[in-house]
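Each chain is listed here by its residues.
There are 2 protein chains.
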Amino acid sequence: MVLVDVGVGRCWCVVGTVAGMTSPRLDPAADVVALTAAVCDVGSESGCEGPLADAVEELLRSAGHLEVSRFGNVVVARTDLGRDERVILAGHLDTVPAAEGPFGWNVPTKRVPAQQSGSGVEELWGRGTVDMLGGVAVQLRVALDVPEPNRDVTFVFYDNEEVAAPLNGLGHVVADHPELLVGDFAVLLEPTSVAVEGGCKGTLRCEVVVPGVAAHSGRPWMGVNAIHRASEVLDALASFEVRTVDVDGLTYHEGLSAVGVRGGTAGNVVPDECVVTVNYRFAPDLSGAQAQERMRELFAPFEVRVTDLAEGARPGLDSQVARGFVESVVGCSWDEVVSRGLVAGGAAGVDPLGASSLLVRAKEGWTDVARFSALGVPAVNFGPGNPLLAHKADEHAPVEDYRRALAALCRWLGQ
Amino acid sequence: MVLVDVGVGRCWCVVGTVAGMTSPRLDPAADVVALTAAVCDVGSESGCEGPLADAVEELLRSAGHLEVSRFGNVVVARTDLGRDERVILAGHLDTVPAAEGPFGWNVPTKRVPAQQSGSGVEELWGRGTVDMLGGVAVQLRVALDVPEPNRDVTFVFYDNEEVAAPLNGLGHVVADHPELLVGDFAVLLEPTSVAVEGGCKGTLRCEVVVPGVAAHSGRPWMGVNAIHRASEVLDALASFEVRTVDVDGLTYHEGLSAVGVRGGTAGNVVPDECVVTVNYRFAPDLSGAQAQERMRELFAPFEVRVTDLAEGARPGLDSQVARGFVESVVGCSWDEVVSRGLVAGGAAGVDPLGASSLLVRAKEGWTDVARFSALGVPAVNFGPGNPLLAHKADEHAPVEDYRRALAALCRWLGQ
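In order, the protein sequences belong to chains A and B.
Residue numbering for the first sequence follows UniProt numbering, beginning at 1 and increasing consecutively.
Residue numbering for the second sequence follows UniProt numbering, beginning at 1 and increasing consecutively.
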């Protein structure tokens, strides 16, 4: 038994098994709402997914019709019915740490009846109810409830999505067992309020380094103040054309944000360096290399050090299998989806805040769909819960979201 | 014997006395140049002044004509001849830590003959040769060489000038033994290249707090970026009227510098706060309260948190005793000093870089003359060494500076 600091805030967890201790078990008869609550209540902050991975593995093995593999805290389950098509349903097991919210600490979960909730519908509150253990519960119910899907299905449950990219369990499967990720289409059950969110923006993080010349602040004219010069960087940020871009029919809103700034060595010294850290969320019509080039041009003549880069993912809604998924979810043909204005695209001025009523839209955050995209597998995000509540102390979702997501996936898989 | 971290970089020192160890002794027959080298070579980084204070105390007691007191590592020596006037010569015993320079580490000192020095004059190189153990050696030689000065003299040697203000030994004398600082005039032997530098600017340090609203950087339009808003603070800094002010005939050049900036919580979060730390060096025509008011007006509507404030000091060159000191140093009457253009004042456009040839000028840095000023004692800075070389790895001074400073003070004291 070892105490391990996994470097994610308050998450200290016990690794290993104490004699006589058993992992929690998930009830195969629980409905998707009760199963979501049970999954959340296991507790699975990043780095501490072991007990939940154990419970997920045991539940999947109990079904009998799935081939189940386990790698660390990654669990993969597959049907192998020889169908023409194979699709992947993927979700991460980890959550960000618990936090104090309107009900006190957001663990364990609390079910709030419609007449007591602010929204007038029944809700489930707690860490993971949005991001994304509701999605995990939906995956589990699909795995148990659809033993003979009309297309073969690979279910992937992975760890460490909320922490540094090198730890990401899906990334480890990509590297070590790519054959398990072969498929024609992937659905990542990240929260989308049960809409289809296609692709994702790329993300580039870079440091813009502004040099100066140190001097005593009693005689500042002897130096060049790097912090004062950093106003050129802030002016460049303000002048940047933040694009709204249509890609494969969906509209992506770029973002360019300073996410950090540091400078200064002592209270009486004109600083000789100021570093502004910038995060560019770029539409998936640009490659990472093109995004870098835009940053270097924008911040010239200052040095730009790229510290982190993840490619975006095109939504892939030009593929037949992706359109078939949308048709199942929305319940009408692709042409009807488009003609009824259910796709957030075309109008460059679409208010991103108003987009939540659209059923097919662009994913504004970065998600692991980019990993599938990089493998050549078209992928979308589709899951229960409002993504704006992810990581919040008041994380909660309408329980109907879990049922709707489950029903849509079952319909798609021919149940 | 205790190892003490005094919080000033690499300065770890041994406190207490090991049996059989004796403090170094200073040779009462050494000339001022040799004495400067000997004082420097004792080693007296801030917090480690004990051995040098011991040696100074012993040397002063050996003279016989002085009343010597010791408080911690502060040494005070006084003549008590019943003169009408009493003046104070003060200097600090501590130095900033040693550093690596053109000759390797700048301890111990090295004497460089004229034919080998870049300047063509003989120099003494090493930590403390400028700031300000040359001044300390001059004080010691005056104390030994002028047993019957024409005005009574109080010599003050104190510790911890280079570190946080609450540790400052002169401040402790002000608080605990103010009777020892009674006088008509004070000379602080800080480096001035043997010019008279009057008064000092005040210094105010404050944090300007720019608020924002946090959001995920994938959807930056949901928040308000505090770092982007900080451009308003940088614009205010750029727009500030940095004054050049005449006070009692000397010209002070104000300075307003950002000395620190911090903001950002994570690489994917629009930051909700950015803090710019600003240092305002204000001319002594303003009080600290007035300087604060200027900062609050400049940075409105942002919150301004004052973290550090030291009043400036007017030069006091309107007093007869101060003018008498200048006349002794320059060797002519006050009217001649002014008519020969030896005072840096009047012309608002004076280039501060060109001021070094002037014999009477404003002190651009903050020094302990402000403590004397606060006690109602007019005070000036006057000492060997170029202040621009203070704290530098290549700290050095022409040896003639030590001799000139000593000669001027002896002349003033009637020797």
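Rather than coming from a laboratory, the hints here were simulated on the basis of the structure.
Backbone N, C-alpha and C fix where the C-beta goes; we use that ideal spot for every residue, glycine too.
Some clues are possibly wrong.
What the hints assert, rightly or not - To list a few chain A residues with every Cβ distance to chain B over 12 Å, as calculated:
#1 Pro102
#2 Gly120
#3 Leu237
As the list claims (entries may be wrong) - To be clear about the criterion: a stretch of chain B counts as covered by chain A if any three or more of its residues have a C-beta under 8 Å from a C-beta of chain A, and this derived list gives those stretches:
#4 52-64
#5 128-135
#6 198-211
#7 265-278
#8 322-336
Right, here's what the structure says about each hint:
no. : hint    : verdict
1   : Pro102  : 18 Å, holds
2   : Gly120  : 24 Å, holds
3   : Leu237  : 6 Å, violated
4   : 52-64   : violated (count 0)
5   : 128-135 : violated (count 0)
6   : 198-211 : holds (count 3)
7   : 265-278 : holds (count 9)
8   : 322-336 : violated (count 0)
The structure is inconsistent with the numbered hints 3, 4, 5, 8, although it conforms to all the rest.
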